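Participant: The chain contents come next:
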Amino acid sequence: MNKLLTAILILSVISSCTKGMQEELIPLNINVNNIGSITVIDSKIEMDSTAWVQISYSEDINAVFTLSPNYETNAIIEISDGISSEQLTYIGEGVYKGSSILGQVGNTYSITIEINGTIYNALSTMLPPATLRDITLTPYEVADKDGKSYTAYTENWIVNDPSATRNRYLFEWWTNGVHNERMDWAIDDNRVVNANEGLFLGNITRDVYEGETTTFRVAEIDKSTYDYFNMYEKIVRGIASAGDQTPYNPVSSYGPGTVGNFRAVAFSSYIVVP
Amino acid sequence: MIIKISKIFILAFVFFISINANSQSSFVLSGIVKDSVSGETLSGVSIYEESTKTGTSSDLNGYYSISLTKGEHFLTFSFIGYIKQIKTINLTKNVILDIKLSSSENQLEEVVVSNKKPDKNVTSTEISIKKLNIEQIKRIPIVMGETDIFKTIQMLPGINSVAEGRAGFIVRGGGLDQNLILMDEMPLFYASHQRGLYSVFNAAAVSEMTIYKGGIPARFGGRSSAVLDVKMTDGSFENYSGEISLGLITSKFSFEAPIIKDKLSIFVAGRSTRWGFGYWYDQISRNSDPNGKGDKSGGKGGTTGSLTFFQTEERWFDYNTKLIWKINDKNSLIFSGYYGKDFAYTAAGLTNWGNQAGHLKWSHIFNEKLISNTSLIVSRYNTFGDGGQYQFYSGIGSYTFKHNFTYFAANDATWQFGLQSEYQDFNHGSLIDVTQDDGAKFMPPMQGLESSLYSEYKKTFNEKFAVHLGLRLSMYNRLGSGHTTVFDEETNEEISQTEYSSFTDVMATYINPEPRASLTYIVNKNNSIKASYNRNAQYLRLMTLGSNITWYDIWMPSTENVEPMITDQFAIGYFRNFFDNKIELSTEAYYKYQNGVSDFEDGLHNYLVDNLEAYVAQGTGKSYGFEISIEKPKGDFTGRISYNIGESLWEIDEINQGRPYHNMFDITHSLNSQFSYNPSKSKLFKDFTLSINFVYYTGRPVTLPESYYYIGNVSMPFWEARNQYRLPDYHRMDIGINYEPESLSFKTKENNRKFQPSIDISLYNIYNRRNIFTIDMVNNGLGKDGVNPSSVFSAQGRSTFGFVPSFQFNLKF
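Quick mapping for you: the protein sequence lines, in order, are chains A and B. Note that the numbering used here gives residue 253 to position 253 of the first sequence, counting from 1, and the numbers run on in steps of one. So the number in the numbering used here is just where the residue sits in the second sequence, counting from 1, plus 274.
Simulated from the structure, these hints should not be mistaken for lab results. It should be emphasised that the depicted structure is a prediction, and the values quoted were computed from it without experimental measurement. One or more hints might be untrue.
[As the list claims (entries may be wrong)] List time: in silico SDA-like cross-link candidates among lysine to any residue, alpha-carbon distance up to 20 Å:
id, chain 1, residue 1, chain 2, residue 2
1, A, K97, B, N987
2, B, K604, B, E875
3, B, K327, B, V302
4, A, K223, B, F761
5, A, K44, B, S989
6, B, K960, B, S989
7, A, K223, B, E875
8, B, K404, B, T861
9, A, K223, B, T328
10, B, K643, B, E875
11, B, K1086, B, I370
12, A, K44, B, N987
13, A, K223, B, K327
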């Protein structure tokens, strides 16, 4: 009898130990190699707008926290549309802007950047803007922590997407005038379901409340811009991690030793106020 | 003239008589060796004749054949775990003699072999091969309530797991898909439950297993690194018996019986996470964590019901069955089947995956020297995911015809040959939007035919040399319907396409000879040197986007754009026994060169692309290393310590800028030890068996960012190279206690049947080491309450298991 009671007691204790089967997160100190600085170039020209370029440098992964990077202030940048060219002007915080050449659908733009004798080049062609077919807003009720009720809306968008051609798109969401950069989304129609010549997607940032404003922008993009944003979004949203077989840096328009993109894009823009 | 012709005839007659007289001076003794209780055939049984010093062993079907001179002979039949039998036979003709061996009570006591014959570790022709029967497997401490085949083989030198709780195993730096996993000759494509926590092999249904790390015989093909050949239990032709186990995590049953005595037997076994204590434990787990605080990973809420991992709730089950029909003395028909399924419930929906396999085999004995086996085998693996709006399907099917012969040319020579043809169909994925009328995306299915002829010959010379030579000729045809595509190498865009409409259309063909050879030199009864070479062609590859096999990874065949992988492996080893074979030492060095290793190009995170082939990058790989193992296999105290050191590198132009990099299967150092003690002579503790494991290995390679940068206000990590760093080293210790008290056994009055209860307690990871299986780089963002973090990014490891106790109650009858 004693043996039996002892066995039951031991087994009961054992059965209560479930913590070991829980996944745990453990902070780590990682020592990595010092690879020096990488030149970072983010650049674009939008429809009916002048060129915009921002140049900065990377920091060591274990470097002290900083809100802003080390900017390049002395770059010489020239943009050409094949007919004319202009030099961009530095306006601060690593940003250089054009003044005369505007983005036009069908044009191919080339950009040349010189930094301390090193030359970087990139090209991009502006494709026609994508168009929106429909949007549906589905209301539902939510309550805040004080129990007060609000009406929120789930947004669903359908973008015209011809099935006969391979198309790639870049989507942006702005909520109440703020661009949710981390949620920029690039889609290749080769990789998604195309139903009735349309791409179906929801607002991936957050649902909106009554009175808020959502600005939805969509542009058709070339392959190099798609490849860049495809990886960008996976990194930003944590889909690509160190445990991945294939993490990699977004493909740079400017070649090895750099990170960044040059894109000529024509956005269609739509505003929704539920 | 007539006299001349007559003389010729007389001479011919005398010659003929003398030939017949000579041929009648030796006879063949053959038969089948079985377990006396279960009736299960026993392979590897040693048959030795003392006076002539000749011997042989039973084959995979328990069949043996030995040629002996006319007259009286004393034969010893011996097998580890069984009481040896000595038979006296007076041979005057060919004789069929079936043998039934009885299991010994102390199952690892020395019962083997005449003292004139060296131990198998030294004398067998096999190098890089380890065979274990179920009694040896059961000595390993149970883990998470299960005696697990994969965890057992991971205790052997040169074999490692990818990471804790992850599917698959690594052999000598080879990829996870380079291991051919066979269950009664049925190939399995995803052989794990619960994302790798358990294998699909129910130990209660396993009879024996053999792992080939190298020296792979010619009868095996299709994979480059290793073969795990698991033989499932045959049903008994004599008596019925069974076992029920109720555990905290899994519960299982097994049962075998003669349907018709000595004619038709059946064996069935099943396991589930939802029976018995598994279900109650689920409730205890839920109740002990009502606020969901246990899960710190910020997921679903921390419920631990039914073993929650990665914010999912997971359950599984599997079933095995085997029917054997002895049609007559020369013919048997065997059916073996497996069905298993996993379910995972997440916030996104339900996913399930599983294997279904069946094997129908006809065994025929032509005569005492020649036997054949003819097989039809089907194996399928399917996955299904339901995320509400989207549903996903993928799968692979394999349909095989095999015809094999074994010819016992002499006592010291065996010839095996045969052919095989396997049709494969691949469904790489279908994604359906259920809210749309035509909202579906189907990956183009693929088909292939893998055929082979093989021949292998094993011969021993003068008890000093043994050779095992083989040749396999394999051919792969990619079949229609489908299309071949030419891709732009830079952009991966399609340039041109050719359509093939019929399944008889051959879209691509590969033919590869695969020579195999192993050589043994027995220096003396305690020392031997062995060497082997094998070439293996692999026509399938498992494409995975993560660091380990997942249920949604896909198998891809060789195509006109993706070539087969060819592996050449060399191994040499020194083997020695000490103290009259009580201690066994094994040392081996190996080198593997692989042409055609495959990896996805950087950045692919989705299989649903029309031009998936274009993203497969191929290159070369090499692995080399050294293994040493010391084992005490017999007695109250048994154990093994093994260590291996090695390196595994790949070189692919499109990855890591063409620089060589450690692939994710590279393990530099690995130390495994396992010990077991059963004090059989102690009155107080004779019913207890204590087992201890200790495992250590170098963390596997990972890719970590070295710097970060800003795009607008978004901070981004930057990676310089692939697999430059390593996870923290892995180590853990497990303890197992088995209590099987004879005093608690009882017999029924009606039929005197004995019931034997036992308890298994398992303490997994006893010092609660939180081993890390992956590292996430966390973006710290802006600081809260005005206090910024010390760095923009910080590293965070994820660990699956800490200390996990479990127990299991068993009842054998």
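Participant: Looking at the structure, which of the earlier hints fail to hold?
Facilitator: Violated hints: 2, 6, 9, 10, 11 and 13; rest satisfied.
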